[in-house]
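Asker: Here are the chains, one letter per residue:
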Amino acid sequence: MDQGQQEVGTFATIEDVQRAMFAQRYIADRSLATAVFLALKQRKPLLLEGEPGVGKTEVAKVLAAVLDTPLIRLQCYEGIDVSTAVYEWNYTRQMLHIRLMEAGGINRQEELKEIFGPDFLIQRPLLQAIDPANAKAPVLLIDELDRSDEEFEAYLLELLSDFQITIPEIGTIRALEPPVVVITSNRTREIHDALRRRCLYYWIDFPALDKEYSIVLARMPDVPERLARQVCAFVHELRAADLFKAPGVAETLDWISSLLALNQLDLVEGPVRDTLGALLKYQDDVLKVGGSELRKTLQKALGALKP
Amino acid sequence: MNPQENGDYLATQALRPFEIERGERLLYRLTEFGRLLWEVGIDVGPRKMLDLAETLNYIDITSQGDFYNTLKCSLLPRHEQEMVFNDLYNYYWFQRDRQEGKGNEGQWSPKRNERQLRLPPSELKRLAEHLNTSGNEQRRELRPEMRQSERHHRHAERLDDDDDDLGDPQGTAYSAIEQLRKKDFESFTWDEMQEAKRLMAEMRWDLGMRPTRRKRPSRTGSYPDMRRIVRRNLKHGGELIELTWREIKRKPRPLVIICDISGSMSLYSRLLLHFIHTISNGLLNVEAFVFGTRLTRITRQLKRRDVDEAVRDVSKTVQDWSGGTRIGDALHFFNHKWARRVLGRGAVVLIISDGWDRGDSTVLEVEMDRLQHSCHRLIWLNPLLGSPDYRPLTVGMKTALPFIDNFLPAHNLDSLIDLGNLLQSIGDERPMRDAATRRKAVAAWSKPRV
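For the protein sequence lines, the chains are A and B, in the order given. For the first sequence, the numbering used here assigns the number 678 to the initial residue and increments by one for each residue that follows. For the second sequence, the numbering used here assigns the number 36 to the initial residue and increments by one for each residue that follows.
Just chain A, with the same shape it has in the complex (with noise of 0.2 Å):
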């Protein structure tokens, strides 16, 4: 396919979007397609919600792909501050620097300076994101905010506003092109209404049971079509029954390739029964579907697929 690798922002229309991210093996709703092609248009961050392992992460992998620029990833966690996000001094370097100095009897003052200049720096996600060097916008994958805490997320507002990181040592470094950003919260904590305000959200949902179909197939073009529709089919019943957590679409290709590990063309209790792991990370809900409940999901999961 001729439009695989994109100039940011020059997609012409949704369908172009959609296209594009297909040829990635990414498919995706028109109305997600119009999200992104929104946020490469207007240049917003995208905030992308939804369960776990419905493909959040994956939407930004696939953008840098197609856009054919470095994706680059910042992982949240609670506690996350400048040093791991932003930029860091390198103090062993530094250390060294001034043993080195004095050891050639170099002139003090002047000198020292310069153990605070980029050569000492290092460049956490999101000053490389918008570092004046890069050749190309990069994506910035900013993943599972909801895991960082307030005053991470106040930072972001302001670095999200105008893209530009003061350091005081060295200056202001503002981006030549900002970056596209993509914001993944799993919903632990509530991100706060301002950050809500900046960006465009897209709510992605548990895939429709054909949806899910070509997604497998896109991903995993050596899956049996047979056994295929047979997985979709067992798992949204799951996602039916009263889980603690349901399967994502991350769990149900996990879970076919355990069942292609073990030679399964067909959807048989045991081997369903042995492998549930793979699909339900909680033992409440291991229990409540491996039991003598399985037998008649199944049933009803194939029966479905009959006609």
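Treat the hints with care, as some may be off.
[As the list claims (entries may be wrong)] Chain A stretches covered by chain B per the calculated footprint, using a threshold of three residues with CB under 8 Å from any CB of chain B:
id, stretch
1, 755-761
2, 766-773
3, 798-807
4, 869-881
For the record, the hints were derived by calculation from the structure and aren't laboratory data. Given the structure is predicted, the values throughout are model-derived calculations rather than measurements. Virtual Cβ for every residue (Gly too), placed ideally from N, Cα, C.
Starting from the known structure of chain A, fit chain B onto it as the hints suggest.
Answerer: Showing chain B alone in chain A's frame:
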């Protein structure tokens, strides 16, 4: 598609006559739609509207699907509000003109208004008394100011009634407050209720602190602050002479309140809502839920500064006021839909309920167990515990008891003050939660108390 075609398409898109002709009208409609969203509490500001106007240059607005998708991803800030957004979208872009004509644009959704104005039975009764009418129409027309004045009216009435036996209720001497603090909410007169609300508003809340993963500069921390150390010691020619430190920053724990508002709690629930309001305004990070047969999140409603407005907002939102209780189902819903979102970061959970449960006790047991495991401290407040001969014998209370870390009364102001002290004292360690501790706790509560 080759680049030439791409360019052509862009050109035709930019010059579509439809847009030039309809542009201004469309912008007007969009702004109006934005205002409607704002009125139902969806956060739409001028900046968002400007950005939205810009998007119309990029998409084909004659495609209904794209138009909807664009509006949604530009204006809707969170998944929970999607249903409201969709309702409003359908109403505004498809039904409004047909239904009401253009003269009536202010009253956009009679159906929704009606639902929101539903009042709890007690409130309705009080209103009926005041208005001396039972016409449905009049009740629905009610405005906040009227209800406010109605309260004043009743207040005056009370003063007249109780004049001879109570003396001057305005003279709230210290001893009167003392007495009030010990009196059961259940037997409060209306005046005492007002006084209690005032006292509650004056309470200060403080929750135990949890260590965060963030560090801050400090004189006596245990982590070296490398950046400062290098900077400071430059003046000594890089010789490390002055050391600076960082310490772990501490923050208050999140508090999650889950309050029972079913029929059996109705004597307490209004006052408890006031209590929840003061506590959520006094602390940084409070999530509040109420339940009868179903769980409703009321955090946003409680954000309003004015307590009466907040409680009124809650009353509008809650559907199952003074109905039956199914604690197990409510907690099940909480554990599945909310726990992951609000129980992070060492949260303290406060359940307020009398334990009268009409649901399945096995469900309650499973959910209590899970809830206790996912929070730092599980506190249960039971208004009935205030009476000395109360013992937790109802099925619901018996089932829940083993999983409770602290079981406290909540029947008078003093008990709330005790709660305040407990919250303040919550430390870094989780309480013991093994089978032996649980058995001991249950045994202790089953004995008659002195």
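Asker: Mind listing which of the numbered hints don't hold for this structure, in increasing order?
Answerer: Number 3 - this is the single hint that the structure violates.
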